[in-house]
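Once you've looked at the hints, dock chain B against the given chain A.
Residue numbers (our numbering), protein chains in the order written: chain A, 1 to 385; chain B, 1 to 385.
Everything labelled a hint here was simulated from the structure, so no lab data went into it. The model shown is predicted, which means the values in this text are computed figures rather than measured ones. All C-beta atoms, glycine included, are put in the ideal place defined by N, C-alpha and C. A few of these clues could be false.
[As the list claims (entries may be wrong)] Quick list of the computed label-pair ranges, beta carbon to beta carbon: (1) GLU282(A) <-> GLN368(B): 45 to 55 Å; (2) HIS321(B) <-> VAL203(A): 50 to 60 Å; (3) GLU271(A) <-> ARG133(B): 31 to 41 Å; (4) GLU282(A) <-> GLN158(B): 47 to 57 Å; (5) PRO370(A) <-> GLN158(B): 23 to 33 Å; (6) GLU359(A) <-> GLY228(B): 16 to 26 Å; (7) LEU167(B) <-> SER159(A): 56 to 66 Å; (8) LYS206(A) <-> GLU298(B): 24 to 34 Å; (9) SER261(A) <-> GLU271(B): 23 to 33 Å; (10) GLY279(A) <-> PRO112(B): 52 to 62 Å; (11) GLU137(A) <-> ALA262(B): 41 to 51 Å; (12) GLU283(A) <-> GLU369(B): 49 to 59 Å; (13) GLU298(B) <-> LEU301(A): 55 to 65 Å.
[Unchecked claim] As a list, the in silico DSSO-like pairs of lysine-lysine whose alpha-carbon atoms are at most 27 Å apart: (14) LYS206(B) <-> LYS206(A); (15) LYS206(B) <-> LYS280(A); (16) LYS103(A) <-> LYS22(A); (17) LYS22(B) <-> LYS103(B).
[Claimed, not checked] Listed next, the stretches of chain A that the computed footprint assigns to chain B, with coverage defined by at least 3 CB atoms under 8 Å from CB atoms of chain B: (18) 61-69; (19) 192-203; (20) 237-249; (21) 319-329.
2 protein chains.
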Amino acid sequence: MLPGVGVFGTGSTARVLVPLLKAEGFEVHALWGRSEEEACCLAQELGIPFHTSRSDDVLLHQDVDLVCIYIPPSMTRQIAVKALGIGKNVVCEKAATAVDSFKMVTAARYYPQLLSIMGNTLRFLPAFVAMRRLLVEGYVGELQVCDVRVYGASLLDQSYGWTCEELMGGGGLHTVGSALIDLLSFLTGARANRVHGLLRTFVQQKGTIRGIRRVTSDDFCFFQMLMGGNGPPGAGAVCCTVTLNFNMPGSSVHEVMVVGSAGRLVARGTELYGQRNGGKGEELLLGDSGWAGPEAKEMPLPLLRGLGAMVTGLRQSFQAHQERRSWAPGPVAMAPTFEDGLYVQTVVEAVKRSSCSGEWENVEVMSQEPDPNHNLCEALQRNKS
Amino acid sequence: MLPGVGVFGTGSTARVLVPLLKAEGFEVHALWGRSEEEACCLAQELGIPFHTSRSDDVLLHQDVDLVCIYIPPSMTRQIAVKALGIGKNVVCEKAATAVDSFKMVTAARYYPQLLSIMGNTLRFLPAFVAMRRLLVEGYVGELQVCDVRVYGASLLDQSYGWTCEELMGGGGLHTVGSALIDLLSFLTGARANRVHGLLRTFVQQKGTIRGIRRVTSDDFCFFQMLMGGNGPPGAGAVCCTVTLNFNMPGSSVHEVMVVGSAGRLVARGTELYGQRNGGKGEELLLGDSGWAGPEAKEMPLPLLRGLGAMVTGLRQSFQAHQERRSWAPGPVAMAPTFEDGLYVQTVVEAVKRSSCSGEWENVEVMSQEPDPNHNLCEALQRNKS
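Chain A extracted, bound-state conformation (with noise of 0.2 Å):
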């Protein structure tokens, strides 16, 4: 029996998972807007009976047993902590920090019962999902290199806001490289060691966003990371690079090339080519199936089909089951967990440090909670001596 729903955020991505929803068959109760009138306008759009712009309302609504949480970075943790602390199954997308991505690790290893997952994947996109098994079967034989490339146009919000604000979590590469980070560590079985990235941004004024106001987050973002292998720094290792550009209106290039010893493979857009050395040429190995969901400009089709499987794994995970907040992991095993969205957030923060630094990162994923006090006692420390 599928769960009642209640969704935070009333952005573009809360509107076409709603749609999604309930073309699976999810019934969507309540809405949460930053704003009543935001919140009172997409519920009446969406047909969702109950609104509100207090977190409660939604978190301890009666018929709300799966919490999906697409709100600004700063405010995903706060929401998704509270809602597995009431003991409501929780899909969000990430924090804008490591330790907020550590606290909701914590959290959901609190609550094992309870399903948790990061919700902005492409990991159940069919051509990934192809990918990851020819990867697996050795299509390319042994993995040298991944090569990531993703264009369009600018990720920046009309007025003045989080997008504009890299602490906010804002910028290419938090809002998009996240997912590509995510899915690389997918592809490869092997998470990044190392990190090198360059971020700037070139648009630093735009529309409204003037005066003393200026854009922080990055508009292009270009990384590399070092996936696996031991022994001397990078031997052995597969060399991913990835390069961000959202100065390119009218542009959508989504592009992932895995290149090994015997041949590639490359998803373009959500379509999969492969090429084994010494073949005939490109071949198409998954099409594209032709999309009956809701349309949605402003997010990249890759995303926007990812989205949509999960939606149909949320499905399958909790059908199988007859108590509606019981679910089953098979269907949603591939999914991200939460300390999958701890890793990328490490990552993400590693490589924001190398722009700085000029120098190689490591990655070092949080074992435990940074102290609060920390600042505090080196302070107290400091003046005793």
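Chain B alone, transformed into the frame defined by chain A:
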């Protein structure tokens, strides 16, 4: 009146160059090969009256006024400097080291009346000539990012030789990257201040290259250059990223993209495309005009056509004068000088250093020859103390 030509080299470039020269009306009088046999074989094939394996026989040949040097990088400096000293005009490929390049610069400065240009050029390709003109005219607005990708089959010779040895000028960075580094400085009108790179040799043994022999030259190379711009590191600079992958048989991607505040230009192979922000989409700005010249399977089409256009430039330059050794600078003004060659070599070495150190490396072009006794002096100093 066109000068008589002597060609050094029996490799794939020399094999293409001779027909190109002949097609433009040059007479090729002499061919040099490393072995008598190689020289004889190719001379017969191409109908060159004289061949030898002794370099002086070509350099001192009375009908030879222009020397084209397309030989392994480690031998280039010696022949080029000697040719200038004997009073011959020189077109040559890159040398193996910055010190060699500097010696060539010194010789070129010493004989300013002689033509001395780097002959491994993409600058003459019509698509890049047009791209540069459009950049100057402001088609893309303020230039932000250059993104270059060249993918292809292995650059290694069938048998062990300089192509396998990093120190002898083998590898993708040195062989293909050089031409791209030169091209990007031609397009942007700036030089790299700082570079960061990563080189890999994925295929270390191959075919007859086995046993104790190992390939040390890179087959994957990935580097970034910050071009121009002053003030804090990287601020205001153009970010260039170059990805070279020569583990992709059957592929021939040669793509140079420049992105600016108002639009972008992309050269794919020999064709040029453009898109202005807010425009209707990508437009073909310069199509491929067809190729009547010789075929060369081993040579990417952009390089082949660039070579052809350079030979045309040479013909125009010499035709402008009656005396067969005189030339007009105009038609070859676009060509890279030996100074450009030194700059390129300096960038190549900085990228290699960066790949070892993991850090951004400054590009500092040599302004005086390093003291050959430097190491000796240091050793003496050390013994003293």
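(message) I want to verify a distance hint. Is the separation of the beta carbons of GLU283(A) and GLU369(B) within 49 to 59 Å?
(response) holds, 54 Å
(request) Take the C-beta atom of GLY279(A) and the C-beta atom of PRO112(B), compute their distance, and say whether it sits inside 52 to 62 Å. (result) Since GLY279(A) and PRO112(B) have Cβ atoms about 53 Å apart, the given range 52 to 62 Å holds.
(request) Could you say whether the range 31 to 41 Å given as a hint is met by the Cβ separation of GLU271(A) and ARG133(B)? (result) Holds: the Cβ-Cβ distance is about 36 Å, inside 31 to 41 Å.
(request) With respect to the beta-carbon atoms only, verify the hint that PRO370(A) and GLN158(B) lie 23 to 33 Å apart. (result) violated, 57 Å
(request) Given the range 47 to 57 Å, decide if the beta-carbon distance of GLU282(A) to GLN158(B) lies inside it. (result) Given a distance of about 26 Å, which is not inside 47 to 57 Å, the answer is violated.
(message) Can you confirm whether the C-alpha distance between LYS103(A) and LYS22(A) stays at or below 27 Å?
(response) This hinted pair is violated, its Cα atoms lying about 31 Å apart.
(message) For the region 192-203 of chain A, count the residues whose Cβ lies under 8 Å from any Cβ of chain B; is that count three or more?
(response) holds (count 5)
(request) Return holds or violated for the Cβ distance of GLU137(A) and ALA262(B) against the range 41 to 51 Å. (result) holds, 46 Å
(request) Confirm or reject the claim that GLU282(A) and GLN368(B) have a C-beta distance inside 45 to 55 Å. (result) Since the Cβ atoms of GLU282(A) and GLN368(B) sit about 51 Å apart, the hinted range of 45 to 55 Å holds.
(message) Given the hinted pair LYS206(B) and LYS280(A), is their Cα-Cα distance within 27 Å?
(response) holds, 22 Å
(message) Is the listed coverage of the region 319-329 of chain A by chain B valid when you require three or more residues with a beta carbon under 8 Å from a beta carbon of that chain?
(response) Since 0 is below three, the answer is violated.
(message) Verify the CB-CB distance for SER261(A) and GLU271(B) against the hinted window 23 to 33 Å.
(response) holds, 31 Å
In summary, the structure is inconsistent with hints 4, 5, 8, 13, 14, 16, 17, 18, 21 from the numbered list given earlier, while agreeing with the others.
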